[in-house]
Amino acid sequence: MLTAILVLAGIGLALGALLGWASDYFKVEEDPIVDKIDAILPQTQCGQCGFPGCRPYAEAIAKGEADINRCPPGGEANIKQLAELLGVEAKPLGEGLEPKPKAVAVIDENTCIGCTLCIQACPVDAIVGASKQLHTIVADLCTGCELCLAPCPVDCIAMTVIPARLDNWKWQYPVIHLRQVA
Amino acid sequence: MNGSPYTQSANNSVRITMIKVLVALIPGIAAHAWFFGPGIWVSLIVCSLIAIFYESLALVMRGYPQKPFLSDGSVIVTAWLFALSVPTLAPIWLYAVGLLFAVLVAKHLYGGLGQNPFNPAMVGYAVLIVSFPTYMTQWPAPLQLATHMPSLANAVDMVFAGSGSISIDAYTLATPLDTLKTLGRAGQSGTEIFNQPIFGLIAGKGGEWVAAAYLLGGLLLLGNRVFTWHVPIAYLASVALTATLVQAIDPSQHANAWFHLFSGGVMLGAFFIATDPVSGSTTPLGKLIFAGVAGFITVMIRDYGGYPDGVAFSILLMNIAAPFIDTYTQPRVFGHAKGGKVGK
Amino acid sequence: MRAIHPFHGGVHLAEHKTESTGTAIGWMSLLPRYVVPLSQHIGQPAIPVVKPGDRVLRGQMIGRPTGTISTAVHAPTSGIVSAVEMHPVAHPSGLTGLCVVIESDGADRAVEMSGIDWRNLDPAEVQAHVRDLGLAGLGGAVFPSAIKLQRGNAARIPTLILNGSECEPWITCDDMLMRERADATLRGAAMMRHLLGADTVLVGIEDNKPQAIAAMTEAARQAPFPVEIVAVPTLYPSGGAKQLTRLLTGLDNPTGKLSTEIGVQVFNVGTAYSMYRALELGEPMISRVVTVTGHVPRPGNFEARIGTPLRDLLAAAGGDLPGTTGHIIGGPMMGFDLDDARAPVVKAVNCIIAKRVEQFPPAAPAMPCIRCGQCAQACPAELQPFELYWYAKAKDFEKTRRYNLFDCIECGCCSYVCPSHIPLVDYYRFAKSEIRAHELDAQASQAARERHDFRTFRLEREKREKAEKLAQKATTRLDSGAVAEDDPAAAKKKAILQAAIERAAKAKVATTPQNTDNLSPTVQREIDAIEARRQAAPDDAAATGRQPTEAP
Ligand code: SF4
Ligand code: SF4
Chain A
1 MLTAILVLAG IGLALGALLG WASDYFKVEE DPIVDKIDAI LPQTQCGQCG FPGCRPYAEA
61 IAKGEADINR CPPGGEANIK QLAELLGVEA KPLGEGLEPK PKAVAVIDEN TCIGCTLCIQ
121 ACPVDAIVGA SKQLHTIVAD LCTGCELCLA PCPVDCIAMT VIPARLDNWK WQYPVIHLRQ
181 VA
Chain P
1 MNGSPYTQSA NNSVRITMIK VLVALIPGIA AHAWFFGPGI WVSLIVCSLI AIFYESLALV
61 MRGYPQKPFL SDGSVIVTAW LFALSVPTLA PIWLYAVGLL FAVLVAKHLY GGLGQNPFNP
121 AMVGYAVLIV SFPTYMTQWP APLQLATHMP SLANAVDMVF AGSGSISIDA YTLATPLDTL
181 KTLGRAGQSG TEIFNQPIFG LIAGKGGEWV AAAYLLGGLL LLGNRVFTWH VPIAYLASVA
241 LTATLVQAID PSQHANAWFH LFSGGVMLGA FFIATDPVSG STTPLGKLIF AGVAGFITVM
301 IRDYGGYPDG VAFSILLMNI AAPFIDTYTQ PRVFGHAKGG KVGK
Chain L
1 MRAIHPFHGG VHLAEHKTES TGTAIGWMSL LPRYVVPLSQ HIGQPAIPVV KPGDRVLRGQ
61 MIGRPTGTIS TAVHAPTSGI VSAVEMHPVA HPSGLTGLCV VIESDGADRA VEMSGIDWRN
121 LDPAEVQAHV RDLGLAGLGG AVFPSAIKLQ RGNAARIPTL ILNGSECEPW ITCDDMLMRE
181 RADATLRGAA MMRHLLGADT VLVGIEDNKP QAIAAMTEAA RQAPFPVEIV AVPTLYPSGG
241 AKQLTRLLTG LDNPTGKLST EIGVQVFNVG TAYSMYRALE LGEPMISRVV TVTGHVPRPG
301 NFEARIGTPL RDLLAAAGGD LPGTTGHIIG GPMMGFDLDD ARAPVVKAVN CIIAKRVEQF
361 PPAAPAMPCI RCGQCAQACP AELQPFELYW YAKAKDFEKT RRYNLFDCIE CGCCSYVCPS
421 HIPLVDYYRF AKSEIRAHEL DAQASQAARE RHDFRTFRLE REKREKAEKL AQKATTRLDS
481 GAVAEDDPAA AKKKAILQAA IERAAKAKVA TTPQNTDNLS PTVQREIDAI EARRQAAPDD
541 AAATGRQPTE AP
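The listed protein sequences derive, respectively, from chains A, P and L.
Start counting the first sequence at 1; every next residue gets the next number (this note's numbering).
Start counting the second sequence at 1; every next residue gets the next number (this note's numbering).
Start counting the third sequence at 1; every next residue gets the next number (this note's numbering).
Just so you know, these hints were derived from the structure itself, not from any lab.
There could be a bad hint or two in this list.
Unchecked claim - No farther apart than 25 Å at their CA atoms in a straight line, the calculated lysine-lysine pairs in the DSS-like style are these:
#1 L:LYS395 <-> A:LYS102
#2 A:LYS170 <-> L:LYS432
#3 L:LYS469 <-> A:LYS102
#4 L:LYS399 <-> A:LYS170
#5 L:LYS51 <-> L:LYS17
#6 L:LYS432 <-> P:LYS338
#7 L:LYS469 <-> L:LYS494
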């Protein structure tokens with residue numbers, strides 16, 4: 001009996017030591033978790049999550065202060081990735097948040113007065129123009145965050161959904177009718 | 001919208017594959033009926049009906065359409081393999097319990113056709129042999145040795161009423177593998193054992209012919225490309241090799257390779273059970289490993305384990321390992337240096 | 001006899017070739033209108049260089065190549081450009097693409113064309129010429145040919161392979177081309193051989209085209225350089241570039257690398273023929289041979305000008321017979337369903353098949369995968385298609401990538417043999433396009449992050465500089481004892497701003513329709529949400545933004 005206990009205890013100790021050593025030996029230097037979260041977020045910088053940008057939201061998630069399902073532009077795919085990264089369950093997008101089709105802001109060039117307010121609001125420097133000059137949004141750089149809509153004093157900025165084009169068209173998920181909806 | 005290809009090979013469907021398997025089983029069944037009496041037909045029909053009932057029930061509960069899934073024939077294959085693995089003329093409730101585990105638990109609880117990690121028929125068999133070992137040894141004796149030959153009417157009686165007008169001892173006999181195990185434990189030597197009347201030319205009387213018939217059916221399937229050569233060949237080779245080695249260690253107690261190949265479920269397992277693609281390994285190298293290790297385990301269980309036959313357990317054990325084996329044995333992809341573990 | 005090195009897998013298909021090989025390549029009469037897409041090749045679309053109203057001649061460049069991977073587009077006949085607009089094109093999406101519409105004037109006058117001295121010119125110059133003449137691979141992938149003529153880092157590319165295998169059922173355009181124009185095809189090969197510095201020229205032809213093999217062998221006998229015509233066993237997809245390379249040379253094209261790394265370059269026979277016409281005659285790629293087959297009265301091959309509406313091409317073969325259920329562009333294994341027959345012939349279109357239900361029945365319902373492995377046995381890329389399917393179905397794209405999804409050539413062999421009738425390739429195409437889109441998104445968000453970080457940095461710096469300036473000003477002011485006089489200036493600024501806003505408001509009323517009535521509820525909700533966010537936004541920028549409107 002005593003031998004058995006001793007043997008088991010011995011094995012336990014040995015394995016424990018081995019595990020400890022292994023965890024130390026195989027340790028990988030990792031990016032701080034905030035960076036990893038930030039890398040997943042879409043960098044729209046729209047603030048729909050309730051934080052003033054993607055990075056602050058990433059920090060809040062890392063601290064456990066925010067849920068992973070607050071980012072509408074990232075959508076389901078993002079939540080899935082975050083869940084995997086953090087080892088938690090994926091969940092649907094949070095209440096009151098709705099995924100929107102991808103869109104870019106377009107300035108109505110007839111109405112723009114060149115006030116530069118939108119330039120100041122754009123978090124990713126996607127608007128070009130100068131004081132009293134016509135402004136234009138560079139569609140490729142626009143993340144669709146909508147932050148420039150509010151500041152415009154003449155309401156000349158509108159969001160336009162990016163249409164399906166030959167170069168951004170995607171194959172759809174195949175539809176298979178296996179299971180009857182009965 | 002569906003993309004290309006807009007054409008599919010004709011005469012190829014799950015159902016056709018399953019029908020081929022069923023047809024290939026017929027020589028074995030016929031041999032069985034010839035040597036052990038017509039009771040096998042009764043148990044095949046009873047098992048099929050029970051299995052179809054379970055399948056249909058599962059489909060209803062899961063909200064799947066009945067027609068495509070019942071007509072794919074997979075459940076009949078399960079039922080037949082099960083019926084051929086458990087003793088013929090067992091009481092109906094035994095079949096019902098076994099198939100309950102085979103069809104409802106092993107197949108549908110894991111997601112139905114194509115998703116089961118274990119071979120359903122073998123799960124049913126394993127549950128029964130663990131839970132009801134006595135029933136599972138009552139195999140009908142070869143007709144030449146039986147004191148009473150059960151007629152078809154007797155068989156129906158036996159299955160549905162649990163016992164018939166004849167006593168159970170009148171038609172059952174310990175199988176060759178059982179005999180080997182029990183007499184071997186009793187200390188008898190190999191020669192003594194093999195002089196028992198149950199033994200035939202190389203294995204059990206009658207049983208060896210049934211095994212040969214399975215071999216024939218299996219070769220037909222192989223010729224028909226229902227599966228590749230890897231699994232059956234590796235399995236049989238491994239059984240033969242291991243048996244020879246074991247016999248070399250202790251010739252008096254252990255049977256030779258021929259005996260092992262042609263007794264019990266080895267032939268059925270090699271061609272019809274281990275080749276089940278759903279629960280088995282899928283890469284060429286993986287198949288060799290899968291079947292090779294299964295063959296080894298089969299003989300180990302037979303020669304050293306507690307159960308007379310090891311086919312079911314060895315295959316179930318390897319079913320567990322199959323995904324793991326597959327991960328590490330990916331074949332080389334065109335244009336890549338080498339295969340092996342799933343890449344980064 | 002050259003040893004054939006078989007590739008793994010492949011399938012035997014019903015060939016359906018004889019339907020369209022009964023007649024010689026037909027010529028089409030001039031049509032009143034041609035629609036020429038500007039994106040007919042892999043890579044950057046050409047930039048239109050004509051505008052509506054312009055008069056063009058046959059062979060005149062109407063789209064200029066741009067970027068590294070691109071090629072030019074030319075007018076198929078003379079006439080007037082009536083529009084440069086979005087028009088249905090032959091694409092699986094059924095979307096529209098930018099096209100130049102030409103109303104022909106019936107004269108079919110051509111620009112001056114003349115060949116070049118390709119033997120003595122600098123290779124780079126010849127390549128530029130090939131690019132300006134709009135050459136792209138006619139086998140289906142339409143890769144700009146000029147790029148494939150580059151030797152890269154190698155001193156020379158020892159082996160040139162002409163792909164005449166044409167393994168897809170129904171398609172016979174290469175077959176007919178080789179039968180009728182073997183000589184010119186090999187002349188094109190001579191040019192390619194010269195530019196690549198190749199010494200071995202191999203032409204791979206499936207052995208179900210004995211007439212093409214005979215014609216090419218005859219032409220090869222007379223060619224002034226060694227050419228080997230090799231009959232390869234008929235087995236789909238022997239016409240895949242990698243598969244053909246394997247068949248003829250035994251070499252495997254390393255994944256992710258160009259075939260030139262193993263010293264091989266592969267061109268379609270049709271491309272070789274066009275090369276001949278381009279360099280010898282100076283003719284740009286303005287027509288190609290297209291097979292019209294299936295459920296039409298007179299199936300055959302036609303020399304069709306690029307831009308010919310497919311409707312008119314079908315009409316040349318007698319038009320759809322009653323009971324036609326649709327059209328496939330390309331072959332049945334790798335082609336796609338045509339959405340709109342107004343779409344024009346482009347360089348990639350090698351075949352159009354009119355479907356009828358007996359030959360192309362609707363796909364059988366898919367059953368679950370039983371892991372039977374038949375797909376893996378058929379896959380010429382030696383993949384495990386069922387694993388790819390499993391993970392693509394679960395949208396586990398990382399796993400599909402690890403199982404080498406991008407080595408899949410979408411040949412369709414796996415779907416063809418699958419006893420469960422699973423549309424496997426549809427899953428791979430889905431997964432591939434998701435992964436590509438995801439990569440683009442990731443790049444975009446990385447760039448956005450950088451811009452955002454830079455902006456944050458810039459704002460910080462500006463703030464700091466401002467603070468420093470202010471501090472400086474304050475000290476000077478204290479010194480001089482002057483009172484701040486910039487108030488009036490600020491007022492003036494505000495007034496100017498206000499005036500501008502009013503002007504803009506007027507302009508807006510004039511320029512934009514007041515379509516705020518009859519809004520759909522979703523749009524209204526969206527507007528409300530934006531409105532609400534705007535009200536709530538505590539942002540500095542937003543505050544300053546609102547300020548002027550609230551000012552009296
Ligand atoms: S052929 Fe079809 S059923 Fe068989 S393994 Fe491949 S995908 Fe699965
Ligand atoms: S489509 Fe892709 S996976 Fe399927 S057989 Fe062809 S190469 Fe293999």
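We went through each hint and held it up to the structure:
1. L:LYS395 <-> A:LYS102: Within the cut-off at roughly 21 Å; holds.
2. A:LYS170 <-> L:LYS432: Holds - the C-alpha atoms of L:LYS432 and A:LYS170 are around 9 Å apart, at most 25 Å.
3. L:LYS469 <-> A:LYS102: Measuring from Cα to Cα gives roughly 42 Å; hence the hint is violated.
4. L:LYS399 <-> A:LYS170: holds (20 Å)
5. L:LYS51 <-> L:LYS17: violated (42 Å)
6. L:LYS432 <-> P:LYS338: The hint holds at about 23 Å.
7. L:LYS469 <-> L:LYS494: Distance ~23 Å between L:LYS469 and L:LYS494 Cα, so the pair holds.
Checked against the numbered hints given earlier, the structure breaks hints 3, 5 and satisfies all the rest.
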